[in-house]
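Number of protein chains: 2
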Amino acid sequence: MPDKPQNHSVVIGLNAVIIAWDDPVPRFLVRNKHKNINELPFDVFQPLSYRTLEENVHALVDDQAKLELGYIEQLYTFGNRGRDPQEEKGGPRFVSIGYLALLLGKAIEESNAFSETNLWKDIYAFFPWEDWREGQPAILTQINESLEDWAAHATNDHDKQEKRARIQKLFGKTTKEWNEELVLERYELLYEADLIVESLRDKNQELPFPTGIPMEYDHRRILATGIGRLRSKIKYRPVVFELMPSSFTLLQLQHLVEALSGIKLHKQNFRRLLERTGMVEPTGEVSEQTGGRPAQLYRFRAEVMAERQDPNITLPSLSNS
Amino acid sequence: MPDKPQNHSVVIGLNAVIIAWDDPVPRFLVRNKHKNINELPFDVFQPLSYRTLEENVHALVDDQAKLELGYIEQLYTFGNRGRDPQEEKGGPRFVSIGYLALLLGKAIEESNAFSETNLWKDIYAFFPWEDWREGQPAILTQINESLEDWAAHATNDHDKQEKRARIQKLFGKTTKEWNEELVLERYELLYEADLIVESLRDKNQELPFPTGIPMEYDHRRILATGIGRLRSKIKYRPVVFELMPSSFTLLQLQHLVEALSGIKLHKQNFRRLLERTGMVEPTGEVSEQTGGRPAQLYRFRAEVMAERQDPNITLPSLSNS
DNA sequence: AAACTAATACTCTTACTGAGTATAAAATAT
DNA sequence: ATATTTTATACTCAGTAAGAGTATTAGTTT
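Residue numbers (this note's numbering), protein chains in the order written: chain A, 338 to 658; chain B, 338 to 658.
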């Protein structure tokens, strides 16, 4: 007799990482359900009500906060057993799909996106080691010590070497060695090294020092995936413009890219890049709110996507802070 | 009263795109179930038997063909209603997850990977427009005519312009304009333009000319996703070496990269790149099977991944055929 | 008026790509 | 046995872009 369908059925959770730009802070939406509990907006997929997963994600966001989303993309499908406490009580198997979405820049201007009903929290409060805009984050000295400790206690030499190689690659100490895209990989290394509260919940252990705000379930992992994907995406697709208002100064644009990538950029080279690719054009107006010489206002030229095969933003980074 | 769990439960299908290198043909595994029917290896996820999705994928592959896999990665989760005919008959909702895996090069040498029980089919028999190794594929003249026709029949001018822009971007006629990574995007454009059999099954239409071998369900779409991902991946992660035997000549390596990307490369520049990045080192031996001057044998230097932050392969392409 | 803040213009070195030419060392064809 | 073909390998040269600056301009704030 073949398997009964019950043996195969699972429940799908949809989780949304929604990013917004609140100059100079990059934020994401936290579900405002219980105080002191940080969850991504999420919902159980309702196959009877929605034709596609994306439709359900849109509805989920609309429902909990009337938001105008721009770019949206699927991140990853996580299927590990034991991520949801309900399962342990004999509930159904959970598989969760993460989505990344961007809140349109004009939506911020026009809507109540930052009202009290929505909690928009600073991304880097959850990943303090990822923000290099003011130079190397202080927390990295403690992290590196703890990681070295962890590697030193490896069971054998081969394992020890491998761990040190990973640490070196992910947490290299100079700006040149820092690869800002590896957000998820760094989170998972810290998780393995018992430096993330989420991994210690059942172990009766304590953190040696605070390592960012924890989240429910595996939501901080999904958030890490989202930030990593966004950092990689801005380099080969001009998604940043969705987060910007329709007209902006080049310094504002630079600040946004810096906020997302967590890296300071070289101003002159950044401008040279934008000119070369033709991604922006002057509106003709100037902004007087600069506190210095007034700046030209620019708008995004959507046509470049059709004209050029490859309008890359290559993050002209600054090694010295 | 809250929803019953039944309203939420779905069945997950796991689909594997398994790539192998059979010099000079890049192949993928087709399930050998019924003749003249082309399916990817797939299975229903069994949440009671496996702790993770990946474990189930591995088991699925092992079961149907004893294969030694190297790299494996998740591609995408497809949740559109109506992809599986079973659903129409009141069956459960299907959500399918695609995976990409590579058959280890040494596995080919040592195993029965290409035996009669496994059907390894030429990738480009399913996507004849994607193979530019011998210059522009002949089928592209027909495709471009049909696409222009399709755009010309758009309902309004704006729509017409948009369609032409997409065609130009995806099917640009010169080597310089061709972006080999956009395999999925091209497949979906052809699908929309009714040039893919899979989209016509219920429409009682016929193809104007054959456009590659069709597959069951949406498996050709998943295959397109896999090829596109692999083409993009080889540029920033040295995954190609998994498909190669442990020692090889540089021309063999170049042929593999060309086969996967569908593009001819400039030999001297390709070698210069490999030298500069230190990705390979000579074994000291030479191959006499070249039919010309004997070639040095090389092996992959796994250490580069630790040494260098970014050992890119940048496809030094050849514009003239 | 001096100090500060930012915008904008320009330079210089280095790295890498695209596209070759030239030569060497073997196999195969005549 | 010599010519032709095949492949490997060495080297060149122009063009593009990145990294890291200096210098100047045009406003605000003190």
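Derived by calculation from the structure, the hints in this document are not laboratory data. One thing to keep in mind: the hints can contain errors.
Treat identical chains as interchangeable: a pair holds within one or across any two.
Stated by the list, open to error - Heads up, simulated BS3-like pairs for lysine-lysine below, C-alpha to C-alpha not over 27 angstroms straight-line:
| # | residue 1 | residue 2 |
| --- | --- | --- |
| 1 | Lys572 | Lys506 |
| 2 | Lys497 | Lys604 |
| 3 | Lys500 | Lys572 |
| 4 | Lys372 | Lys506 |
| 5 | Lys458 | Lys500 |
Keep in mind that this is a model prediction, so the values were computed, not measured.
Going down the list of hints, with the structure as the test:
In the homo-oligomer, the alpha carbons of Lys572 and Lys506 lie at most 27 angstroms apart both inside one protomer (21 angstroms) and across protomers (19 angstroms), since each shortest distance falls under that limit. For the identical chains of this complex, Lys497 and Lys604 are neighbours neither inside a copy (41 angstroms) nor across copies (40 angstroms), given an alpha-carbon limit of 27 angstroms. In this assembly of identical chains, Lys500 and Lys572 lie within 27 angstroms of each other by CA distance solely across copies; the values are 26 angstroms between and 29 angstroms within a copy. Taking the closest pair of Cα atoms, Lys372 and Lys506 never come within 27 angstroms of each other, the shortest separation being 37 angstroms inside a single copy and 49 angstroms across copies.
For the identical chains of this complex, Lys458 and Lys500 are neighbours neither inside a copy (33 angstroms) nor across copies (40 angstroms), given an alpha-carbon limit of 27 angstroms.
Comparing the model with each numbered hint stated earlier shows that hints 2, 4 and 5 do not hold.
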